[in-house]
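Going line by line, the protein sequences match chains A and B. Here my numbering is used: position 61 in the first sequence is 1039, and no number is missing along the way. Here my numbering is used: position 76 in the second sequence is 1054, and no number is missing along the way.
Treat the hints with caution; some may be incorrect.
It does not matter which identical chain is used: a pair holds within one copy or between any two.
Stated by the list, open to error - Below 20 Å or equal to it, Euclidean Cα-Cα: the simulated SDA-like pairs (lysine to any residue) are:
(1) 987 - 1068
(2) 987 - 1020
(3) 1030 - 982
(4) 987 - 1018
Hints were generated in silico from the structure; no laboratory data involved.
Number of protein chains: 2
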Amino acid sequence: MADFESIAKQFVEYYYKTFDENRNNLAPLYRDESMLTFEATPLQGTAAIVAKLVELPFQRIEHQVATIDAQPSNTTGGIIVIVSGALLVEEERRPMSYTQTFQLLPNNEGSYFVFNDVFRLVYPAA
Amino acid sequence: MADFESIAKQFVEYYYKTFDENRNNLAPLYRDESMLTFEATPLQGTAAIVAKLVELPFQRIEHQVATIDAQPSNTTGGIIVIVSGALLVEEERRPMSYTQTFQLLPNNEGSYFVFNDVFRLVYPAA
């Protein structure tokens, strides 16, 4: 059995490194059936998803991952990955908390693609 | 096609109402293959999951849901549900932020059970 926790950790490192360097390069991780819900806005398909990520109104972004949780999501190799962390945007030094949930499914090339992707900023409860 | 957003909303309302009233009554929502990762502690199966929830060290708890996101998680009726919100414990009036992700799968009785469940407190990033 694949080690879903190692795969989740590798995916998260790769995803945010790529996001923070050049969001266009995230395209190969998505497919036409992929879904992204970004702050309640639903998008489907690689083109729509990457367009949304690229057009986000900041040039510089840094994701700081605080927690990674993973579980098998089905009996055919799917993995659910839940990340919490902080975002630093542009020159702003006050981080914002976020949470992002992915479901990774095996592709036919020994790797994975993102089937589900849900992003939310988390505001302080107090 | 079932309306996954309505199902997610109904599930979340039922889940936290039941949690806040009597956590023992959550047992029918889980199965032996269900997984819960609670603040990084992994548990599997109805008995272990409900025991964990019941033994949490508080008597009074109130969940205040802020956001609910949902997407289909497979082609056979699964639904991924991501909740963010605030927790009020005992007489403490300062809420804590949390996020909880579920994958619901159809049972054979026209309803759903919880296959994946991941709970995390979210601490302020600043």
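Results of checking the hints against the structure:
1. 987 - 1068: neither (26 Å within a copy, 35 Å between copies)
2. 987 - 1020: For residue 987 and residue 1020, only the inter-copy Cα distance (16 Å) is at most 20 Å; the intra-copy one is 26 Å.
3. 1030 - 982: Classified as neither; 28 Å inside a copy, 23 Å across copies.
4. 987 - 1018: For residue 987 and residue 1018, only the inter-copy Cα distance (14 Å) is at most 20 Å; the intra-copy one is 25 Å.
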